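Novice: These are the residues of each chain, in order.
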Amino acid sequence: EDQVTQSPEALRLQEGESSSLNCSYTVSGLRGLFWYRQDPGKGPEFLFTLYSAGEEKEKERLKATLTKKESFLHITAPKPEDSATYLCAVQAGNQGGKLIFGQGTELSVKP
Amino acid sequence: DAGVTQSPTHLIKTRGQHVTLRCSPISGHKSVSWYQQVLGQGPQFIFQYYEKEERGRGNFPDRFSARQFPNYSSELNVNALLLGDSALYLCASSFITGDTGELFFGEGSRLTVL
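Note that the protein sequences, when read in sequence, are chains W and B. Positions in the first sequence are counted from 1; adding 157 to them yields the numbering used here. Positions in the second sequence are counted from 1; adding 79 to them yields the numbering used here.
Hints in this document: simulated from the structure, not taken from any laboratory. Small disclaimer: the values here were computed from a predicted structure and weren't measured. Even glycine gets a Cβ: it sits at the ideal position worked out from N, Cα and C. Incorrect hints may have been included.
[What the hints assert, rightly or not] Derived coverage of chain B by chain W (criterion: at least 3 residues anywhere in the stretch with Cβ under 8 Å from a Cβ of chain W; other residues may be distant):
no. : region
1   : 94 to 107
2   : 115 to 121
3   : 150 to 161
4   : 184 to 190
[Stated by the list, open to error] What follows is a list of derived Cβ distance ranges for each label pair:
no. : chain 1 : residue 1 : chain 2 : residue 2 : range
5   : B       : Lys109    : W       : Thr224    : 30 to 36 Å
6   : B       : Ser144    : W       : Gly211    : 28 to 34 Å
7   : B       : Gln120    : W       : Ser185    : 21 to 27 Å
8   : B       : Glu181    : W       : Pro165    : 37 to 43 Å
9   : W       : Ser177    : B       : Ser106    : 34 to 40 Å
10  : B       : Glu181    : W       : Gly211    : 34 to 40 Å
11  : W       : Glu166    : B       : Lys131    : 36 to 42 Å
[Unchecked claim] Each computed DSSO-like pair below joins lysine-lysine, with the alpha-carbon atoms no more than 30 Å apart:
no. : chain 1 : residue 1 : chain 2 : residue 2
12  : B       : Lys109    : W       : Lys199
13  : B       : Lys92     : W       : Lys225
14  : W       : Lys226    : W       : Lys236
15  : W       : Lys267    : B       : Lys92
16  : B       : Lys109    : W       : Lys214
17  : B       : Lys131    : W       : Lys216
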């Protein structure tokens with residue numbers, strides 16, 4: 158069964174304290190792995206797509222990496238405005254446009 | 080440019096009632112997907128429509144149905160509401176189907192079933 162597990166469920170950081178979020182997945186024929194950001198009361202906002210092991214993508218203080226079994230979202234010197242829930246999702250090769258989401262990691266960055 | 084718009088934003092229903100949620104995709108986007116997000120969980124796939132045809136269905140009972148109109152807007156219908164249907168219902172659009180996970184989400188319709 159295709160599955161996505163994120164850890165930790167919640168993460169509290171001080172401003173400037175770098176850390177990583179983990180996304181472990183099992184999927185039949187990975188077509189892509191995606192990171193989204195979700196603010197309270199809002200819909201998810203697309204961040205990155207990763208397609209193959211070894212691939213990396215960067216955007217401001219965020220860097221996403223991919224291996225054959227997991228992905229990491231590295232946050233460097235976070236700011237309070239980075240506080241949000243970060244969702245990981247996978248797209249399987251035989252399931253069209255369906256995304257399978259993890260439960261998310263709620264990140265809180267304190268000044 | 081307008082993003083994905085959903086209506087209503089909030090609604091309260093009682094058990095056994097029926098609800099219709101509406102979604103207008105980004106202009107030019109032909110694929111619409113529906114997701115259910117229960118508090119504290121990630122979104123769960125319900126349906127995908129492309130060019131007015133159903134292209135995928137998640138593990139939801141037949142009480143859930145949807146359709147897409149010629150202008151690519153979409154409706155999600157839920158019959159015989161249960162307490163467990165309380166959730167944020169998200170609509171997402173993309174230009175094409177199946178080839179990208181870069182979905183553009185609306186802000187959702189918050190359904191409370193009493």
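Novice: Can the suggested window of 21 to 27 Å be confirmed for the beta-carbon pair Gln120 (chain B) and Ser185 (chain W)?
Specialist: For Gln120 (chain B) and Ser185 (chain W) the Cβ distance comes to about 22 Å; the hint holds.
Novice: Quick check: does the Cβ-Cβ distance between Glu181 (chain B) and Gly211 (chain W) fall within 34 to 40 Å?
Specialist: Hint violated: Cβ distance 21 Å, outside 34 to 40 Å.
Novice: Okay, the region 184 to 190 of chain B and chain W, do three or more residues pass the C-beta test at under 8 Å?
Specialist: Three-residue rule met by the region 184 to 190 of chain B, so holds; n is 4.
Novice: Is the hinted pair Lys92 (chain B) and Lys225 (chain W) satisfied, with a Cα-Cα distance of at most 30 Å?
Specialist: Status violated; Cα separation ~44 Å.
Novice: Checking C-beta pairs, does the region 94 to 107 of chain B have three or more residues closer than 8 Å to chain W?
Specialist: violated (count 0)
Novice: Given the hinted pair Lys267 (chain W) and Lys92 (chain B), is their Cα-Cα distance within 30 Å?
Specialist: violated (38 Å)
Novice: Quick one: are Ser144 (chain B) and Gly211 (chain W) within 28 to 34 Å, going by C-beta?
Specialist: Violated, at about 42 Å.
Novice: Assuming the hint says 30 to 36 Å, is it satisfied by the Cβ distance from Lys109 (chain B) to Thr224 (chain W) or not?
Specialist: holds (34 Å)
Novice: Can you take a look at whether the region 150 to 161 of chain B is actually covered by chain W? Rule is 3+ residues, C-beta closer than 8 Å.
Specialist: Not satisfied, violated; 0 residues make the cut.
Novice: Take the C-alpha atoms of Lys109 (chain B) and Lys199 (chain W), compute the straight-line distance between them, and say whether it is at most 30 Å.
Specialist: Given that 30 Å is the threshold and the Cα spacing comes to 22 Å, the pair holds.
Novice: Using the C-beta atoms of Ser177 (chain W) and Ser106 (chain B), is the stated range 34 to 40 Å upheld?
Specialist: The hint (34 to 40 Å, Cβ to Cβ) holds, given that Ser177 (chain W) and Ser106 (chain B) are roughly 37 Å apart.
Novice: Glu181 (chain B) and Pro165 (chain W), beta-carbon distance inside 37 to 43 Å?
Specialist: Taking Cβ atoms as reference, Glu181 (chain B) and Pro165 (chain W) lie about 26 Å apart, which means the hint is violated.
Consistency note: the structure conflicts with the earlier hints numbered 1, 3, 6, 8, 10, 13, 15, 17.
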